[in-house]
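Enquirer: Chain F is already provided as a structure; the job is to place chain W on it using the hints.
In order, the protein sequences belong to chains F and W. The numbering of the first sequence is UniProt numbering, which starts it at 1 and goes up by one. The numbering of the second sequence is UniProt numbering, which starts it at 1 and goes up by one.
Note that these hints are calculated values from the structure, not bench results. Ideal placement from N, C-alpha and C gives every residue a C-beta, glycine not left out. Hints may be right or wrong, so weigh each one.
Unchecked claim - Short, incomplete list of chain W residues facing chain F, as computed with Cβ under 8 angstroms:
| # | residue |
| --- | --- |
| 1 | GLN390 |
| 2 | ARG439 |
| 3 | SER473 |
| 4 | ALA479 |
| 5 | LYS480 |
| 6 | ILE482 |
| 7 | HIS493 |
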Amino acid sequence: MSSNAPSLDSILHTLQQYLSHGDSSQSQPQLQKAKLALLQHNALIPSPQTPTPTLAAARSILEAGALLSIRSRDPESFIRYYSQLQPFYDFPGLQQTPSPNRSKITGLYLLLLLSQGDYAGFHTLLESLIVAEGSNGASSVEDDQFIKYPIELERSLMEGSYDQVWRKTSGRHVPGEEFALFSDILINTIRLEIASCAARSYPSLPIASAKNLLFLDSEGAVTEFAREQGWSLEEGRIYFPGLGDAKKAEEGDQKEVVSHMIEYARELEMIV
Amino acid sequence: MSGDKPHLNGSDPAEKGIDGSEDVEMKEGSQNPKKALKLNKDKDGDDEMTVVVPPAKGSNSPSAPEKPTEADLKNGAVNGDAANESEAQVDPQEKVILEIKANLPLLERGVIQFDPRFSLRVLRSIPSTRKQLSAYVVATVVTDTYPIPTATAISLLTAVKDDPSFPTQKVEDWHSKKDTSLQKNSQKEILPEIDIYLSILVQVYLYDKKSIDAGAQFSSALVDHLRTLNRRTLDPLSARVYFYYALFFEELAPLPPSPAAAVISIRKNLLDALRTATLRKDQDIQAAVTTLLLRNYLSTSHITQADLLISRTKFPAAAANNQFARYLYYLGRIRAIQLSYTEAHEHLTGATRKSPTAYKASGFYQASTKLLVVVELLLGDIPDRAIFRQPSLEQALRPYLQLVEAVSSGDIIAFQNLVQRYNSTFRKDDTYTLILRLRQNVIRMGIRMMSLSYARISLRDMCLRLGLDSEESAEYMVAKAIRDGVIEASLDHERGFMKSKEVGDIYATREPGDVFHERIQACLALHDESVKAMRFPMNQHRLELKNAQEARDRERELAKEIVDGDMDDDDAPGGDFEGL
Numbered sequence: 001m002s003s004n005a006p007s008l009d010s011i012l013h014t015l016q017q018y019l020s021h022g023d024s025s026q027s028q029p030q031l032q033k034a035k036l037a038l039l040q041h042n043a044l045i046p047s048p049q050t051p052t053p054t055l056a057a058a059r060s061i062l063e064a065g066a067l068l069s070i071r072s073r074d075p076e077s078f079i080r081y082y083s084q085l086q087p088f089y090d091f092p093g094l095q096q097t098p099s100p101n102r103s104k105i106t107g108l109y110l111l112l113l114l115s116q117g118d119y120a121g122f123h124t125l126l127e128s129l130i131v132a133e134g135s136n137g138a139s140s141v142e143d144d145q146f147i148k149y150p151i152e153l154e155r156s157l158m159e160g161s162y163d164q165v166w167r168k169t170s171g172r173h174v175p176g177e178e179f180a181l182f183s184d185i186l187i188n189t190i191r192l193e194i195a196s197c198a199a200r201s202y203p204s205l206p207i208a209s210a211k212n213l214l215f216l217d218s219e220g221a222v223t224e225f226a227r228e229q230g231w232s233l234e235e236g237r238i239y240f241p242g243l244g245d246a247k248k249a250e251e252g253d254q255k256e257v258v259s260h261m262i263e264y265a266r267e268l269e270m271i272v
Numbered sequence: 001m002s003g004d005k006p007h008l009n010g011s012d013p014a015e016k017g018i019d020g021s022e023d024v025e026m027k028e029g030s031q032n033p034k035k036a037l038k039l040n041k042d043k044d045g046d047d048e049m050t051v052v053v054p055p056a057k058g059s060n061s062p063s064a065p066e067k068p069t070e071a072d073l074k075n076g077a078v079n080g081d082a083a084n085e086s087e088a089q090v091d092p093q094e095k096v097i098l099e100i101k102a103n104l105p106l107l108e109r110g111v112i113q114f115d116p117r118f119s120l121r122v123l124r125s126i127p128s129t130r131k132q133l134s135a136y137v138v139a140t141v142v143t144d145t146y147p148i149p150t151a152t153a154i155s156l157l158t159a160v161k162d163d164p165s166f167p168t169q170k171v172e173d174w175h176s177k178k179d180t181s182l183q184k185n186s187q188k189e190i191l192p193e194i195d196i197y198l199s200i201l202v203q204v205y206l207y208d209k210k211s212i213d214a215g216a217q218f219s220s221a222l223v224d225h226l227r228t229l230n231r232r233t234l235d236p237l238s239a240r241v242y243f244y245y246a247l248f249f250e251e252l253a254p255l256p257p258s259p260a261a262a263v264i265s266i267r268k269n270l271l272d273a274l275r276t277a278t279l280r281k282d283q284d285i286q287a288a289v290t291t292l293l294l295r296n297y298l299s300t301s302h303i304t305q306a307d308l309l310i311s312r313t314k315f316p317a318a319a320a321n322n323q324f325a326r327y328l329y330y331l332g333r334i335r336a337i338q339l340s341y342t343e344a345h346e347h348l349t350g351a352t353r354k355s356p357t358a359y360k361a362s363g364f365y366q367a368s369t370k371l372l373v374v375v376e377l378l379l380g381d382i383p384d385r386a387i388f389r390q391p392s393l394e395q396a397l398r399p400y401l402q403l404v405e406a407v408s409s410g411d412i413i414a415f416q417n418l419v420q421r422y423n424s425t426f427r428k429d430d431t432y433t434l435i436l437r438l439r440q441n442v443i444r445m446g447i448r449m450m451s452l453s454y455a456r457i458s459l460r461d462m463c464l465r466l467g468l469d470s471e472e473s474a475e476y477m478v479a480k481a482i483r484d485g486v487i488e489a490s491l492d493h494e495r496g497f498m499k500s501k502e503v504g505d506i507y508a509t510r511e512p513g514d515v516f517h518e519r520i521q522a523c524l525a526l527h528d529e530s531v532k533a534m535r536f537p538m539n540q541h542r543l544e545l546k547n548a549q550e551a552r553d554r555e556r557e558l559a560k561e562i563v564d565g566d567m568d569d570d571d572a573p574g575g576d577f578e579g580l
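This is chain W alone, in the form it adopts within the complex:
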C-alpha cells in the first residue's frame, strides 16, 4: 500500500495547495518547507498502511499551535501558553518542549478526574509535535520532568542517545544531581501515564528516524512493562504503544509474507494483550489490538486464522471511529476473499464512510475505495463515476477507472490487457486475485449488452465478439447467464441462436422496492449510529435523577402549600369578612 506514495505526493496541485497553506499557518513550525514536506511524506506513508491519525487530524495539525491554549482556556487553566507562543517563534524546539510539558498536567488531570478525554487530547497533539521531535527535545523533557533518574527515565534516554543532537552535558548534570534531590522526590511521583506518553514520543521519534531495530527493541521492553500495569486511565495511551510496536515489527526483516516474517513473532504478545484487555473490559486496547492482529494475519495471508479471530472475538462497539474503520476494512477484505461479496460490500462501504477523506490522510480512503470498487464490480454493479473524480482518489484510482470501463462495456480483450498492464499495481494493492475473478463478470456484461441490443443473435457471432474459443462455450455461458437471471432470453439449440425476451417495465418488478428498502435501511442505521455516537457524561444521569427528585420534592411541597393555601384562602376570606 505504501506504493501509493508517488501518487499522493505526485504532481497534484491539491497537494501543493495544502502544503502552501500549511506553511503560512505554521511559519514558526517549519522554516524549512522541504523538511516539512518530507515529514508529511513519512506521515502519509504510515497513514497509507493504517489510519494512524484520528479523522480530525487533517484539520487539526495546521492549527495545532492554538489548540492547547484554546483547550486550556476552555478549562479555565491558562498555563501561560499564550505567552509562550511568542517566545516559541524564536526556537521551535523550545516551543515543542513547552508543548510537551503542557501536556503533562493534562495527563495528571485525566488521572484525577478519571476522564479519558484528557489523554485523547494529548494523543491528538502528537502529530504536531512530531515534526520537531529530536533527541534534544526528548532528553530535555525527560531531564526536566524526572527529578531523579528512574529506570524509565534512563531507558527513555538510552533509546535516543545515539543522535548527535543529544545533550550529553545536560544529562550528565542531571545524573549528578541525583543525590541532592533525593529528599525532594517523595513529594511528587511521576505517573505511569507520563512515562508512557514520553515513551510514545520516543517510539515516534525512532520510527521517523527509521531506527527500526532500536524501535522494535524499545517497544518490546515497553510492552512488557505495560503488561505489569493495570490502570484504566492508561488505556488510550497503551493502545497507541501497541500500534507502534506492531508497526516496528512489520518493517523488521524478514518482511511478510515470508513464512518466517518478524510479524509472526509478536502474535503471541498481541493475543495476550487482547485477552487481558477483554477481561478488563478495556475497549481501547481491545479494538486496537484486534485490528493489529487482523492486519498481522492478512500480511502473511493467514486468512483462515483471521476469520477465526473474528468469529471468536467481539469487536467493542464503543471503539474509536478510526479503529472501527480499519476493522471494517479488514473484515471486508476477508469476506471478499471468501466470496461473500454482499457482506464485504457492506463492510467496505462502512469503512470508506468512516475513513478520513482529507487529502493528507487519504491513504486508507484510497485503499478501501479500491477494494470497494472491485467488490462492487464482482457483485455485478458498476460503481458510481463520481467516486473517481474526488481529488484524493483521482490519481490512485486511475487503473480502477479503466477496469470499470472495461467491465461495463463487457470488453474481455481490453480487460485482459489491463490486467497485464497493471499487474504489479494490482498485486501491490492486494486486489489482484479479486480482479482475476472479474473475468466472468466481464463476459456476462458482454452477453448482457448483446442481449439488450439484439432481438436475436447467432451463437457464432456471440462467440466471436466475446473472444471465446468455441461456440459450445458460448452456448453454456449464455445458458448460465439466463439461469442466473443476468439476461432474459431463451436459446435455440438446433438453429444456434439466442432470442432475447422483451424487456419489461422495470417499475413492474421488485427492483425499485429493493432499492428503496436499501436506502431506508441505510437511514435507519445512520440514525442508530448517531444515537450511539452521542456522548453521555459520566454520572450525569444521577445529577438528573437528583434534579428530578428535587423537582418532585418541590412539587410536593407546592402541592402541600396549595392545599394549605387553599385552606388559608378558605380561611382568609372568612377572616376578611370577619374583619369587614
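Just chain F, same shape as in the assembly:
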C-alpha cells in the first residue's frame, strides 16, 4: 500500500489542474481515482495514526470533490463532501495548516442552505461560526468575502430589500464562479416573493413597472409570469385578484373559537 503514497499527491496535483481548467469531464474520473486512493491510505476519516501530510492531501481532495459537485449542480453530493470535510477541519493535527478553501466551502454551503430555504440550518451554522470567531480572535467572519456574501444576501432577503439581492447576485459582486451558480435559484426565489408581496400591496400595476419590479427582461416575460400567477391583464395594467381568502379566514376563525370553547369546557370538567 505504501507504494501508492506518491500517487496520492500526484493524483491531487492533476485533479487540481483539471479543476482550475474547469475540465469537468476529465476531473470526474480523476476524483474517483483519488477517493479510491484515500480509502487505501485509510485517510477518509482523520485519525492520529495517519501522517499529517496525507491528511492534508485528503482534505484537498475532498474540497476538490465538493467544488466539483457544485459545478455539476449536484447539491446532495456537495452536502456529502461537506459533512466528510468537517472532521478534517476540526482535527487537532491539522490546526497548524488551515485550509485556504475552508471559508469558500463553508460559504457555498451557507448559500446552498439559503437557496433551499433552510433558514434554521443557515442560522445554526452561522451561530457556530460567529461563536468560533469570538473565541479564537481569528479573522472575523464578516471580513471573509466568501462567508460575508451569503450573510449579506440573507440579511437583504429577510429585510425585503430585493433590489440588493438582485444586484449582489448579478455581476462582479459574486465572489466566485461556484457562487454564481446559485444566482438563478435565488433570483427565482425573490421573484416569487416579490410577486406575492405585490399582489397584496398594489391595487394595480402597469406592465412596464412590473417588468422592473420583477427583474424580468421583457414585457412578454411579464405577461407570461402574470399568467402563471393567475393575475389578470387589462389595458396594459396588471390587476391582482381580490383577496378571496379573507372570507375563508373568517370561517376558520369561527371554527377556532368553537374548538377553544370546547377545550375550556373539557378542562373545566376535569378540574371540577
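Expert: Frame of chain F; chain W shown alone:
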C-alpha cells in the same frame, strides 16, 4: 455569562443590604466579612453559569444554622445539635464538622426509609457548609467517620492533602490505629451514600480552591466509581457529582468553543450515564445529565447535536424545578437559533418563571431574561418595561433596555450604534447573532410608525427616514411589510407613495380573543402543573384503601347491626309490651 459578575457585585445597594443582613445572622459563620463576600462571589459565579442551588437557597443559607435542628426536631430526633450550636460559636470549623457529621445519620435514615427527601436535605445544606470547608474539616470528618482507612477514605484524603491546614499528624495516627480497630469494623459498614456525600464536599472544596486539574482528576475517578454502584438512594447525590464533574471539565484548558475543548472528552461518559439512568428510571441523574449535555453541546455551538439529543431523549417530568428551568433555557436557546421564536418564547418564559429570582442567585434569571427579551423583540413584541426595573436585573439588562428602546422607536441608526457599542457584551451573553437578526424588525417598526402617523407618505421620505440606500429597497420593504400584515396600507408605484388604510377598531378583530385565549391557556397550564407538583407520599394510597376498606367493613357491620337492631327493636317493643 460569568462576565456579569461585575454587574452583580457592583455598586448596587441591594447587594450590600443582603450581605449586611447575612452578617448579622451568621455572626458565628463569618467573622471576616471580606471572606464571606468573596465566597459569595464564587458562588454567584457558578450560579451564573448554571443554577447550582435550589431556588430555596437564597433564603436557606442565611438561616442554615437553625435548619438542621429544626428539621431534626420535626423528626423527633434531636442529636444534641442545639447544644452544639453554642460551642460552635467558638470555632466555626468545629461547628461545620459537627454539621457534616449530623448529616450522616440523615443519609443513613434516607437509605433505611428509602426516602430521597433526606438526601435532598443533606444536599441543601452544602451551600452553608461550603463557606467553612477546608482540608482540616474534610480530613477530620473522614478520619472520624471511617474506623479504618478504606480505599475511598484514602482517596478523599489524598485529594485534599496539599493544603497547609491538612492535619498530617491526625491522619497518621488514624492510619496507625488501623490494626487495633480491625475487629470493630465488622459492626458498622460505611454506606456508599456517605462516601459520595463526602466526595461531593471534596469536589466543592477543590472547586472553591480553583484546583481545577486535581478536581477533574478526582471527579473522573469518582464518576468511574459511581458507575459501579446501582442504588436508588444514591441518585440525588450522584446527580450532584456529575454536575461538578462537568463544571471542572468546563474550566480545563483548552476552553470551549475551541474544537479541541476538554468538555468534548466527557461527552461519552455523560451519554453513558444518561443511558444507564434512563434504563434504571433514575430521574435525578437523567435530568441532570441531559442539561449538562445540552450545555456541553451549546458551549462548542454544536447546535445540531443538541437538537438531536432533545429529539431522541425524553426529559423526565418529575425532574427538580431548577433542572427543569435549565432544560427549558437551553431548549429556548436552541429554538431561538433555529428561528422557531414562538416555541423559544414559550420555553424561555417557563425558564424565567421557574428560575430563582433571589438576588444572590440571579445569574440564571438574568441570562434567561436577556434571551427572552431578544426573542420577544424578534417576535415583534415589545417587552414589558417593568421587567427592567427589577433590582436583580436592572444593571445587567441595561444594554437590552436600550435595545428595546431603539427597536420600539424603529430607529435603525441608533440600533446599529448600540450593536457596535455593546458588541462584546452581546457576544458574551451569546445573544449577538440573535440581535443581528433584529435589524429587519427595527425597519419594520419604523415602517409601522410611519404608517400610523401619516395617511400618505412618499417612498423617498421613507427611504431617508429609515436610512436606506435606495427608494427601490424601501418599496420592496413596504410591500413585504404589507404582505406580512405588519401594516395596513397600499402602494402606488407610479406616483411613488404609500397610502395607509384607516385603522379599524381593534376590538372588531380577533386580537382580544387571542390574548384572552393565551391567558386562559396559561392559567390552565398553571393548574395542571400545581396538581403535578403536589407530593403524594409513597404507599399513602394503600393506607387510604385500607381505611376505606375498614370503613366499608364498619358500615356493613353497622348495617347489619341496624338490621339486627331493627329486629331487636321489633322484638323489643313486643317484649316490652309483654313485660307491660
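Enquirer: Are the hints correct? Go through all of them and say.
Expert: Hint-by-hint comparison with the structure:
A distance limit of 8 angstroms between C-beta atoms decides the matter here; for W:GLN390 the minimum to chain F is near 28 angstroms, and the interface restraint is violated. At about 7 angstroms, the closest approach between the beta carbon of W:ARG439 and any beta carbon in chain F falls short of 8 angstroms, and the interface hint on this residue holds. This hint holds: W:SER473 has a C-beta 4 angstroms from the nearest C-beta of chain F, less than the 8 angstroms allowed. Interface hint status for W:ALA479: upheld, as the beta-carbon distance to the closest one in chain F is roughly 4 angstroms, under 8 angstroms.
A hinted interface residue such as W:LYS480 counts as satisfied when its beta carbon comes closer than 8 angstroms to some beta carbon of chain F; here the least separation is about 3 angstroms, so the hint holds. Restraint check, W:ILE482 versus chain F: the minimum CB separation of about 4 angstroms is within 8 angstroms; hint holds. With a cut of 8 angstroms, the hint placing W:HIS493 at the interface with chain F holds, because the nearest CB-to-CB distance is about 5 angstroms.
Violated hint for the displayed structure: number 1, the only one.
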